[in-house]
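Participant: Protein chains in written order, with my numbering: chain Z, 586 to 837; chain S, 30 to 169; chain D, 7 to 1019.
Don't read these hints as lab results, they were simulated from the structure.
We put the beta carbon where it would ideally sit given N, CA and C, even for glycine.
Possibly wrong hints are sitting among the right ones.
What the hints assert, rightly or not - Where chain Z lies over chain D, by a calculated footprint (3+ residues, C-beta under 8 Å):
| id | stretch |
| --- | --- |
| 1 | 122-134 |
| 2 | 138-147 |
| 3 | 237-244 |
Said to hold, decoys possible - EDC-like, lysine to aspartate or glutamate: derived pairs with alpha carbons at most 20 Å apart:
| id | chain 1 | residue 1 | chain 2 | residue 2 |
| --- | --- | --- | --- | --- |
| 4 | Z | Lys787 | Z | Asp714 |
| 5 | D | Lys562 | S | Glu147 |
| 6 | D | Lys664 | D | Asp433 |
| 7 | D | Lys664 | D | Asp933 |
| 8 | Z | Lys759 | D | Asp183 |
| 9 | Z | Lys831 | S | Glu147 |
| 10 | S | Lys113 | D | Glu988 |
| 11 | S | Lys119 | D | Glu988 |
| 12 | D | Lys867 | D | Asp761 |
| 13 | D | Lys781 | D | Asp731 |
| 14 | D | Lys485 | D | Asp495 |
| 15 | Z | Lys831 | D | Glu250 |
| 16 | Z | Lys748 | D | Asp933 |
| 17 | Z | Lys753 | D | Asp183 |
| 18 | D | Lys185 | Z | Glu758 |
| 19 | D | Lys378 | D | Asp101 |
| 20 | D | Lys173 | Z | Asp752 |
| 21 | D | Lys545 | D | Glu531 |
| 22 | S | Lys120 | D | Glu988 |
| 23 | D | Lys628 | D | Glu712 |
| 24 | Z | Lys748 | D | Asp183 |
| 25 | Z | Lys753 | D | Asp184 |
| 26 | D | Lys251 | Z | Asp826 |
| 27 | Z | Lys767 | D | Glu712 |
| 28 | D | Lys378 | D | Glu91 |
| 29 | D | Lys562 | Z | Asp817 |
| 30 | D | Lys173 | Z | Glu813 |
| 31 | Z | Lys753 | D | Glu250 |
| 32 | Z | Lys759 | D | Asp161 |
| 33 | Z | Lys753 | D | Asp161 |
| 34 | D | Lys562 | S | Glu35 |
| 35 | S | Lys120 | S | Glu147 |
| 36 | Z | Lys831 | D | Glu248 |
| 37 | D | Lys12 | D | Asp96 |
| 38 | D | Lys287 | S | Glu99 |
| 39 | Z | Lys759 | D | Asp184 |
| 40 | D | Lys562 | Z | Glu813 |
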Amino acid sequence: MNPSFEPKILAFLCNWCSYAGADLAGISRIQYPPNIRVIRTMCSGRVDPLFIVNALDEGFDGVYVGGCHIGDCHYQDGNLYTLKRFDALQKLMDLTGISRNRVHLKWASAAEAQIFADNITYVTQVIRDLGPFERDSRLLPLQAMKRTLTSQRYRWLVGIDRKITGDKNVYNEKTPVPLFEKVFSEALQGEYQKALVVECTKDNPLSVHEISGRTGLPPYTISCRLNELSQDGITGIGRVDGRTPKFISRAA
Amino acid sequence: MSQDFEPQILAFCCKYCAYAAADLAGSMRLNYPPNIKVIQVPCTGRVDIIFLLRAIEEGADGVYVAGCLEGECHFVGGNLRARKRVNYVKKTLAELGIEPERVEMFNLSSAMGPRFAEIAIEMTDRIKKLGPTPVCRLAG
Amino acid sequence: MTLAEKRKLGSVLVVGAGVAGIQASLDMANSGFYVHLVDRSPSVGGIMAQLDKTFPTNDCAMCVISPFLVEVGRHLNIHVIPCSELERLDGEKGDFKATIVNHPRYIDTEKCTGCGQCRQVCPVVAINEFNCGLDLRKATYIPYPQAVPLAYAIDRNACIGCGMCEKVCLAGAVTYDDKTKITELEVGSVILAPGGEMYDPKEADSWSYSHPNVVTSLEFERILSASGPYRGHLMRPYDREEPEKIAWLQCVGSRDINRAKNSHCSSVCCMYAIKQTMIAKEHSAHELDTAIFYMDMRTYGKDFDKYYSRAKEERGVRFIRSRVHSIEPVENGNLRLRYVKESGESVEEIFNMVVLSVGFKPSSGVETIAKKLGLTLNEQHFFRTGDIRPVATSRDGVYVCGVSHGPKDIPQSVMEASAAASVATSDLSSARWSATRTPQLPPETDFSKMVPRIGVFVCNCGINIGGVADVPAIREYAKTLPHVVHVEDNLFTCSQDTQERMKQVIREKNINRVVVASCSPRTHEPLFQETIREAGLNKYLFEMANIRDQNTWVHKNNPDLATAKAKDLVRMAVAKAEYIEPLHQVKLDVKPAVLIVGGGVAGMEAALGAAEQGFQAYLVEKTDTLGGMAHQLRKTWQGEDIPAYLERLIKDVTNHSKIQIFLNTKPVHFTGTIGSFTTTLNDIHTGNPNGIIEHGAAILATGGREYRPEGYQYGNRPDVMTHLDLDQAMKDTPATVMNADTIVFIQCVGSRNSDRPYCSRVCCTHTLKNAIELKKIKPGMNIFVMYRDVRSYGFRESLYQEARALGVHFIRFDPENPPQMNIAENNILTITVTDHILQRPIVISPDLVVLAAAVLPNENKELFELFKVPVNAEGFLVEAHAKLRPVDFGSEGLFLAGLAHYPKSIDESIAQARAAVSRAVTIVSKDGIMVGGVVAAVNPDRCAVCCTCVRACPYGIPFIGNEGHAVIQQAECHGCGVCVSECPGKAITLQHFTDQQLIAKTRALFYQPAMNE
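In isolation and in its complexed conformation, chain Z is listed as follows (with noise of 0.2 Å):
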């Protein structure tokens, strides 16, 4: 690793704790690495996942989230939404390659300056170790990523989750844990999966190995992924040559 290589990092704080322990911290003249850029939100809960992939888009090596203690939200429970939304991003990472330690969420209360200090401390170690991020080279990822987390049926489901699991769903009974995660993690992994189709076959038709080979998916993903692409009438045969077929979207 460089060891020169200092990572610029994007940090939203909310405005009642983690942004009020971070200037307790410079009141207290307490130390930390250079590495953050602070963006002030209301509350952790206005950072959309979407922010997040953003950053690394634009530049960021790694980005902080900072929010009260779970309990001491000043919007009563902004932060456990956060916390979900957070828990469904690293998830959705974890499909793109890029590492989830690339985004942290620490909590801190404005009174908590040195463990704000040392959450940014470690942090700021954390995203110095993984290197650089080679955005150039993660375009599609990135993009695909985006499309994923402005898709309806993940935001949907990741603000109903709190709801149907923890008070009731509309048969007045809890959603079992698992089977809300099951589909989760199916959707998740599905509107992903199509977001990378969708992104490689935007501006010209793809084979399905020519997709396979740009998004690393397997092909017969690919396939049952463009039924579902085709449901929606997003993506179709675009030409075919000789016996194959090529997919082309329309980018919506």
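Following the hints, position chains S and D against chain Z.
Facilitator: Showing chains S and D alone in chain Z's frame:
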């Protein structure tokens, strides 16, 4: 050719196959150009030569007849007669100096929603290439 | 209580809404019974709805079945009960109490408009059963776009209860609090048609089925289907490459007691495999190599053998008689097949795709129902039925049809369904029309003198239309159109409250034409027509503009153009509405009697069936005895005694008060139309009239006979006989047969050749039955069966297994190289045949040679011409439709049954005869037939008697009447309009699709009155 030219194309579709296929294209949410306007007939055998000529006369840029697959006509052979009539109209148009390609006959089954959309695309492209009908419409 | 006092109910229960259940329901509902049709799934249609094409005509399956689906869905006397199962059945024949469990659907079918918003947003996916798991569907789903009822359902096993569907359903149809309910129904009889399932190759791991490019035949059917996952583009699942070589493996899960534990033959797989090879070739832009690996090619049905030869000779399908012993995945998604040719040579071949021709097994419902109702199953776990009562179960009053009691194809299922309908209602005939409903309608208002006052209703269809096109703009535009006096837009025009409102508006504003701009007339026209009829308008004063299915659904990226197109479509509909006229149907009297021609088993069963249903039957037979060919038969294939049955049947027919028998008689004159025919009968010998009878329907059961072979010394030697000769000998002089030490059976004598390119269907079974009987009496007897394919279809396969177990020798021969008979100088007879396994000629000196001679139709040229019914090249009668109308003739009111249709066994003849009764009763049970509507009408003043219409009509309906002009009977016209468009004098109009109406529509597209303002 004007890029903005949006042709008016009339399609006579039989109730049992082509019209059902058009509905299926809808259920499958297939996209095709909105230039196609469908008139339902019980059988393409009902499509009179006059209907085709009249459509051209009124100013249709294209007209086509879509019936069941050959051999599968709900009324045995109405679609075969329709094909003959379409061919006749093509000949007549050619004699008048109007492109015979403006009139066409297609066959498809009720399960062929995608084919219906394909035909709509194919006809719209074809007519766009031919340009607006040379028939002068009387001022209405 | 005596039987006579017992209560008879006028309603019936049908369990299973596949093609068999649908046919049974329609027949009964159309002959005066109220039908409860229960199905486990959310919609009707069964397996047929999943098929792409049907053999042997390659008709589109959906095109054929969907009118039936729609009729079932709209029928006033069919109560479709989806998502439900029969739980128990109490009581007895004529008076049952059926307990039905209604599983929750979570979507109210009354409110659901089928718009599909719920499906679009549902975040949960599940296996799409309709596409056999080739793709996914949502937890909120409709099995297929043409489903009846056209309503969604929530798959509770997949649903996580997120509530999204409810949020988007503007119709308020989602009901999460739906619960399991119990319903009790009172019914007079029960027909079970729970159907079959395809064998699941996962049950054994021999076929590499987990490989994506190894698919079952039903999956392949979906791959071929234009509405399937690949939209009809032939691609292999693994990587969507178009295949170059596809192999079909027959008998997967059939005729297999090792891997699949199913010994029966599934009866349909040979034909569907051939069909799939041909369709696949049609779908393929490049050369496609198709190979079918099989044991016996069982193309035993009507026109099946011709289909087989066409595939082989014209389409180049490879037929390889071999059982593949291994399928091994190799690189690039390909598969290596290893098999041994008949010659013993071992072969390896690479294919791009493999289709497993999976067989039928009974649906899981069969065993459950059998337990609950106490019914007997056979060894294969299908319902057990006999031959003489082919649709009766072990419980009185409970009947079966379709695949649930044996593998069979669509026409056989449909035939049995009609048979079950007639048998199930024959004891209930006293209760006919007692439970049915008739609509109570106000009188129609006469608008003929009034100017058009058009009301336009524009539907938003939730957001299906309004979310794309600008509905308020369309509404305002419609107001500017001529004759339009009222326009409104509705959230859902089809909802109950809008329908009520529509009726009110019609009355208040004196509207006399109604235009609805919404979805498709195919699905919704009958509903709106009913509504306006309830408001006192003739139902034809209605026109639709399809601005959803053919507009907003397909142009959602072009909202402006979609709005413009909707305006065009509304303008066109209004233009036609100006010219539409009320049409009145006329009621024609019906003669409650049935004429049956032919006094064999089929004819007698038909006569008895009609009489049991309470109608007069006239049974006409040209010879002096009843019974026909059955007199020469001994036992059914399951071993039931035919002579005893025949004796009983003749007695019943002779003694029945409602049956009048005419022996030595033939019809000589026949006139009339459906519901009212007149036939003159003459004595066949004297030529004197025997009577003139009036009848509402006629059934032709003119029978067949055994071919008298030419060759093989037949007729010259007592030791060469046909099957019927053998049966006669076994009855009269059994010793002459039993003395033989060696018997040779030669199959396909006179069948499957260029003269008669059809399989006689019954001969393989007949041979097997006789061989088994002989072997059982005299185990030491040497029996050789020389065959081309052993066609022991269905459960008859058990006979083949038994014969082999008993040591009968089977030697296959090719048609090019048939067995040769030699008579030596010492009069010793030898048979020489080339054995394919030994690959050398074998010489056998039998004591007896039995020729499995073809079955021929009786020649009745004059009679068939009299009734104007068609015959095919082989002389068999031609039904109206090979699949769904197997006992109807194209001409309305005429039906067929028995050997005159095609060779068949006695159980099949009985079923077909009963089916013909069922179809005939749908006519004669009515007090009148409504005719007219969308039919052709001749203007005598313009008719030039050029006979163009006579030639153009596909049904031969028009004729030149005594008044000197063309006549088209309303009762007979099918309403296609071909004659109208051909008539040079424009003397014919097709009502509701007149020139004026259609030209007005065309003209309206280009002439825009509103634009000129």
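Participant: Could you run down the list of hints and mark each one as holding or not?
Facilitator: Hints and how they fare:
1. 122-134: Three-residue rule met by the stretch 122-134 of chain D, so holds; n is 4.
2. 138-147: holds (count 3)
3. 237-244: holds (count 5)
4. Lys787/Z to Asp714/Z: violated, 36 Å
5. Lys562/D to Glu147/S: At roughly 17 Å apart (the allowed maximum being 20 Å), Glu147/S and Lys562/D satisfy the hint.
6. Lys664/D to Asp433/D: holds, 15 Å
7. Lys664/D to Asp933/D: holds, 19 Å
8. Lys759/Z to Asp183/D: holds, 15 Å
9. Lys831/Z to Glu147/S: holds, 17 Å
10. Lys113/S to Glu988/D: holds, 11 Å
11. Lys119/S to Glu988/D: Holds. Lys119/S to Glu988/D sits at ~17 Å (cutoff 20 Å).
12. Lys867/D to Asp761/D: This hinted pair holds, its Cα atoms lying about 18 Å apart.
13. Lys781/D to Asp731/D: Within the cut-off at roughly 18 Å; holds.
14. Lys485/D to Asp495/D: Holds, at roughly 12 Å.
15. Lys831/Z to Glu250/D: Given that 20 Å is the threshold and the Cα spacing comes to 17 Å, the pair holds.
16. Lys748/Z to Asp933/D: Violated. Lys748/Z to Asp933/D sits at ~62 Å, over the 20 Å cutoff.
17. Lys753/Z to Asp183/D: holds, 14 Å
18. Lys185/D to Glu758/Z: Cα-Cα ~14 Å, so holds.
19. Lys378/D to Asp101/D: Cα-Cα ~18 Å, so holds.
20. Lys173/D to Asp752/Z: holds, 19 Å
21. Lys545/D to Glu531/D: holds, 10 Å
22. Lys120/S to Glu988/D: holds, 18 Å
23. Lys628/D to Glu712/D: Satisfied, since the Cα-Cα distance of roughly 18 Å is no more than 20 Å.
24. Lys748/Z to Asp183/D: Judged against 20 Å, a Cα distance of about 18 Å means the pair holds.
25. Lys753/Z to Asp184/D: Status holds; Cα separation ~17 Å.
26. Lys251/D to Asp826/Z: This hinted pair holds, its Cα atoms lying about 18 Å apart.
27. Lys767/Z to Glu712/D: violated, 65 Å
28. Lys378/D to Glu91/D: Holds, because 11 Å separates the two Cα atoms, which is no more than 20 Å.
29. Lys562/D to Asp817/Z: holds, 13 Å
30. Lys173/D to Glu813/Z: violated, 23 Å
31. Lys753/Z to Glu250/D: violated, 53 Å
32. Lys759/Z to Asp161/D: Measuring from Cα to Cα gives roughly 17 Å; hence the hint holds.
33. Lys753/Z to Asp161/D: Distance of about 19 Å is within 20 Å: holds.
34. Lys562/D to Glu35/S: Roughly 17 Å separates the two Cα atoms, so the pair holds.
35. Lys120/S to Glu147/S: violated, 25 Å
36. Lys831/Z to Glu248/D: holds, 11 Å
37. Lys12/D to Asp96/D: holds, 15 Å
38. Lys287/D to Glu99/S: holds, 17 Å
39. Lys759/Z to Asp184/D: holds, 17 Å
40. Lys562/D to Glu813/Z: Cα-Cα ~19 Å, so holds.
Hints 4, 16, 27, 30, 31 and 35, counting from the list given before, are not met by this structure.
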